[in-house]
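Enquirer: Take a look at the letters that make up each chain.
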Amino acid sequence: MLDLIYKYVSPQTLAWLIVAFPLAGALLNGIHSLLAGRFHFKPSKVFTSILGVGLPFFSFAVTLIIFATLIGFPQGQEPTMITGPLFEWAATQGLSITFGLKLDQLSLVMALIVTGVGSLIHLYSTGYMAHDEGYARYFSHLNLFLTFMLLLVLGDSLVLLFVGWEGVGLCSYLLIGFWFEDPYKAYCGKKAFIVNRIGDTGFLLGMFLIYTALAGADLPAEQHQNQFFNFEVIRHFSAYLLPAATPICLLLFLGAVGKSAQIPLYVWLPDAMAGPTPVSALIHAATMVTAGVYMVARLSFLYVMSPFAMEVVAWTGAITALFAATIGLLQTDIKKVLAYSTISQLGYMFLALGVGAFSAGIFHLMTHAFFKALLFLGAGSVIHALGGEQDITKMGGLKERMPITCWTFVIASAAIAGIFPFAGFFSKDAILWHTFHGGHISLWLIAFLGAGLTAFYMFRLVGMVFFGEPVMKAAQWMKVHESPPSMASVLMILAVLSAVGGWIGIPYALGGGDHLQEWLAPVFAKTVGVIEIGSHATEIVMAVLSLLWALHFVILAWVIYAQRKEWPARMAGRLRLLYRLVFNKYWIDEIYNFLIVRPLIWTSEKFLWGIMDVRLIDQFGVHGTGRMMLVWNRLVTLMQTGVVQQYLFFFVVGVILIIWGMLFK
Amino acid sequence: MITLNHYLILAALLFCIGIFGVIVRRNILIILMSIELMLSAVNLVFIAFSRYLGGLDGHVWVFMVLTVAAAEAAVGLGIIVAVFRNKETVYVDEVKELKG
Amino acid sequence: MTDGILAAVKTFAIFFVVINIVPVLIWMERKVAAYIQDRRGPNRAAILGIRLGGMIHSLNDVIKLFTKEDILPPHVNKPMYLAAPMIAMFVATITMAVIPFADPMTIGGKKFLLQIADLDAGLLYVFAVSSLGIYGVLLAGWAANNKFALLGGLRASAQMISYEISLGLAVVGIFLLAGSLKLSDIVAQQGSDLWMWNIIRQPVAFFIFLAALFAETNRLPFDLPEGEAEIVAGYHVEYSSMKFALFFMAEYAHIIVGSCIITTLFFGGWHIPFISADWMRANADLLLKINWAGFALVSILGGGYIAKWFRKGKYGDLRDFEPLVIGVPGILTGVGLLGLFVLFGDQVHLTGLWKGIFIAGLQVSVFLAKALFFCFFFIWVRWTLPRFRYDQLMRLGWKGMLPLALVNILVTGWVVLFGGHHT
Amino acid sequence: MNPILFYTFGGLAVVTALLMVTRQNPIASALWLVVNFFAFAALFALLSAHFIAVIQILLYAGAIMVLFIFVIMLLNLREEEIKPRQLQFSGLLGGGLVIYLIVLLVLGLLKIPAAPFEASTEGFGYVAPVGRLLFTKYLIPFELTSVLLLVAIVGSVVMGKRKL
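Chains as they are written, first to last, in our numbering: chain A, 1 to 665; chain B, 1 to 100; chain C, 1 to 423; chain D, 1 to 164.
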């Protein structure tokens with residue numbers, strides 16, 4: 001089969017096709033949409049759907065082919081395929097940037113997640129967005145997002161990664177503000193964009209630092225050919241980065257913090273829920289937000305050089321995990337709960353990276369993509385069914401009306417809560433085990449607590465939405481219906497993935513082969529405290545412990561929110577202050593508003609605009625230039641008499657002066 | 001014996017006479033003729049150097065200059081006729097439309 | 001130094017020939033005009049009853065113009081008024097400088113050109129000089145301070161500028177074929193093979209050139225500068241006596257020059273068809289004998305023919321004896337030559353200088369014969385075709401002949417490029 | 001390099017140039033310029049540039065100057081009237097300036113060591129070598145002149161038209 005394919009196309013071409021397919025979709029749909037707007041016709045839904053869904057699926061298929069190819073590599077030979085640079089993108093004296101792809105184990109896993117989950121969500125969107133005005137525009141943006149995301153994960157240089165990084169940021173902005181007629185939603189898009197920019201500043205500075213460190217080091221030119229941002233080059237010369245490793249890693253991590261919504265830059269993610277739900281599922285849960293994780297994993301060889309940076313990553317992740325989990329406990333908006341859950345889970349991934357368990361982080365990234373996408377899509381299904389209702393206090397008992405959604409949602413919740421044998425159990429357990437085993441007991445404690453809270457708030461959600469008695473009026477209740485097949489089928493596929501997706505990473509202790517770990521290992525740098533395989537007993541004990549801990553919270557949540565609905569109110573009354581603190585998300589947004597946003601606006605308006613711009617630049621710069629021109633003009637017009645002979649006269653005077661200079665110097 | 005310097009001085013003289021014509025005369029036709037004279041003086045330098053150096057490149061450039069002179073005369077006379085049609089004069093001091 | 005003297009002699013000789021052909025041409029014009037118009041033409045002026053078919057009339061004209069009062073009108077611009085006819089005549093004759101009349105003779109191992117100057121850019125020289133011809137007309141028209149003259153001058157300059165372009169472009173094909181601008185090269189390239197003559201190889205160029213030449217000489221059908229029905233006499237309306245004569249001579253000199261150029265460019269110059277110069281040199285004696293005998297026979301027969309016209313009492317005065325005066329010496333000369341030929345014909349062997357002179361003389365005669373035919377052609381056309389209107393003239397020049405000449409260049413270029421005629 | 005010929009034609013060129021710029025009558029100016037061009041042609045011929053000499057006559061004397069005279073006649077220009085006073089002053093100033101320029105130039109050129117000519121080679125300045133150079137080394141400038149001429153043709157036609 002593979003031989004047949006490679007008879008006609010080279011692997012390199014195939015690799016490019018992965019990116020090219022969604023790009024083609026984006027362009028075609030975009031043009032379609034633009035033409036429709038220009039010439040006032042209704043964009044064809046069939047055309048848009050076939051292109052918008054078909055091309056990502058093609059992309060997925062191509063990724064699978066390449067994956068199969070790489071799997072088939074003989075033992076010992078590193079299954080890496082770097083496609084040759086397509087073209088030189090920018091070249092200066094000391095820097096050359098080529099446009100090339102790098103397909104190795106890590107990027108391929110990412111590409112599979114992106115195209116696989118992405119394609120499913122595209123399919124789902126055909127149902128969810130069926131009645132929307134901007135159908136073609138939506139798919140154009142979504143395809144464009146896929147393009148950039150693939151570029152991000154497949155790019156062979158930091159610059160290309162950054163292109164994808166910014167590109168997905170742009171698409172995120174476009175899609176959050178997809179319904180831009182609503183000022184709040186447009187505001188949310190803006191907020192996401194600006195907060196991300198803060199992180200990107202750090203990212204850029206980190207890149208510059210890498211360049212200065214490498215370009216200033218007088219390296220053999222034939223080995224790097226000025227491609228200082230190429231991953232291979234950076235890796236090859238990483239020793240030269242040692243002195244600057246800590247600032248570089250921290251700055252790059254700032255970018256990751258922004259993109260992956262970690263403390264303190266997580267504030268945009270909950271607001272990003274303003275976009276269509278499939279967008280939340282794809283971008284703000286499954287793919288884009290994991291870009292930071294991918295970046296840190298990709299540059300693992302850099303991070304291991306700076307233990308301090310690793311500490312920072314780990315602690316940031318752990319605190320975010322717990323902090324977001326506590327906020328998630330009391331949220332009443334179904335998507336907000338999931339948003340905070342996403343932040344929390346991303347925290348776990350960073351924790352894994354921070355303690356050096358890179359493959360565990362990627363493993364969790366993968367399982368998380370499955371179940372979080374499923375959760376969001378399930379939530380979308382519910383919202384769709386309820387006609388846009390998002391408040392979980394007004395739901396309940398939906399199990400009766402939409403069984404498929406309900407049970408897939410339960411599977412996903414079990415997965416995220418870490419219930420055996422669903423996907424999340426293995427990945428989360430791997431993180432916890434590596435944290436514990438790496439000697440980070442305090443981190444482990446925080447993560448362990450967070451894991452319990454995760455189980456609690458997830459089943460609180462399940463309980464409040466799908467179980468118990470319905471609270472809505474009968475008329476409305478009768479309208480609730482199961483989602484169309486296009487959506488339901490996606491839910492089921494993802495449910496299967498959430499259930500079994502973790503099995504490729506079953507550790508040796510539990511009788512598995514830890515395939516993912518094996519597969520990814522060559523990509524990552526070895527951390528200082530190498531994990532030995534051997535203490536299987538401890539590992540099993542830990543796993544059982546965390547399972548019991550999660551189950552305990554599941555049951556607790558179940559009891560409280562499905563059976564004893566009066567308990568939460570009573571608890572809130574008793575812990576009034578704490579309740580208000582958590583319910584209002586620790587007033588973080590307000591604090592930011594007070595400390596940063598308002599001073600910034602004040603300075604901009606009063607000083608930068610009122611004084612700098614109007615007084616200085618306008619008066620001296622803009623108008624001043626004009627006035628200077630007028631003055632000069634008057635002087636110069638004196639010379640333009642219109643009498644050619646005078647011009648020649650002056651010309652001759654000049655010639656005489658020159659000859660004078662030559663004769664009598 | 002006649003040397004290159006003789007030719008150069010002769011060309012300089014003729015060129016300056018051309019300049020004199022351009023500066024002093026009011027009749028635009030004569031100004032144009034003076035310019036042709038200047039061009040010819042330059043041609044003389046070209047030819048003299050070409051002869052001195054033994055190459056024919058100077059001849060080629062004279063050829064180019066002649067082409068330019070012909071084009072200049074055609075366009076210049078066209079302008080003069082047009083100006084005369086509008087202003088009934090060929091004196092440059094009476095045509096000052098381009099005054100700043 | 002000898003070169004200088006030789007050049008001066010040649011210049012003088014050629015000028016002399018041209019000046020002396022002019023009266024002949026004038027006579028020819030009158031006679032041809034007369035016969036075309038079915039009348040006798042001039043036949044009154046006579047010296048001792050000898051009229052030479054009216055040729056004495058031309059002599060009369062010359063004397064008249066020389067002795068006429070030289071009027072200088074008061075309203076003219078004097079220097080230019082005087083300069084104009086000189087320029088006209090000067091320009092008309094100096095073109096002859098580059099025309100090769102015969103094969104170069106070799107005298108004592110030294111080459112002797114029957115041509116004043118064999119310029120490398122000979123053809124360009126011809127055009128350069130002919131383009132100067134405008135000055136005479138233009139200045140005459142302007143200096144006369146007469147509106148008819150000015151109109152004539154303006155017409156002349158516009159016409160000459162317009163047709164000069166066609167004139168120049170027509171011959172581009174010729175020097176593409178010859179690969180040279182030297183007139184002697186062009187003649188040599190045509191050779192004595194009739195099929196190599198440019199009249200065969202460049203017929204289009206020939207007709208364009210011919211028409212443009214008519215315009216350049218201001219002859220009918222392009223004589224608008226002096227169209228007497230419209231602007232009296234055009235540019236020379238204010239001229240009289242010898243100054244007028246100069247214009248008059250310049251016109252005929254132009255015709256001669258033009259005929260010489262046509263002969264050179266299109267009709268193989270001094271070549272005799274199918275008889276190459278080498279063959280002539282090898283068989284000089286035979287040619288001499290043929291010529292000798294032929295000339296003798298022609299003299300006898302011609303003299304006899306003319307003498308037969310004698311009839312006593314036709315006029316009742318000296319004119320009655322004119323045929324005898326011409327005819328009898330002709331017969332006697334012929335008989336004498338024949339006798340000499342019979343006596344010494346076998347013993348004559350041309351060698352060295354004499355041979356060269358004989359061959360050159362033969363070639364010059366051939367050249368002149370061809371040229372005179374074209375002079376006749378000019379006159380023939382003049383009395384056959386009507387005058388163009390001014391707009392027709394311009395349309396023909398710019399829209400007819402110019403594009404045709406360009407197409408001719410293009411086609412010739414292709415043929416030269418692909419036909420392997422590279423030189 | 002005959003000194004007599006050089007001084008004859010050089011002197012002729014200078015004198016006719018001076019006459020050209022000082023004549024009141026534009027036709028006289030033009031005619032003196034024609035004579036001047038003949039002197040130039042003779043100087044070119046002295047420098048063995050026969051082709052250029054002929055071209056000089058053909059183009060300048062035969063075409064350009066005819067155009068000038070034609071235009072002068074067309075506009076029916078008469079003698080130039082005497083200039084206003086301030087223009088006379090500026091003319092004087094310009095004349096002085098030019099004379100000074102001449103003095104400077106001649107002084108400068110006299111400083112240069114004399115550079116005698118060598119004997120010219122056979123065929124120097126003939127049409128064929130110049131043409132060969134035109135179509136090989138200077139092909140692009142040569143072709144560009146055709147564009148220049150086209151522009152000039154279009155320009156003069158446009159200006160010559162009363163109404164487009």
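No lab work stands behind these hints: they were computed from the structure. Any given hint could turn out to be false.
Unchecked claim - DSS-like, lysine-lysine: derived pairs with alpha carbons at most 30 Å apart:
#1 D:161 / C:399
#2 B:87 / C:147
#3 D:111 / A:665
Enquirer: Against each hint, give a clear statement of whether it holds in the structure.
Expert: Structure-based check of each hint:
no. : hint          : result
1   : D:161 / C:399 : 18 Å, holds
2   : B:87 / C:147  : 24 Å, holds
3   : D:111 / A:665 : 14 Å, holds
Consistency note: the structure conflicts with none of the earlier hints.
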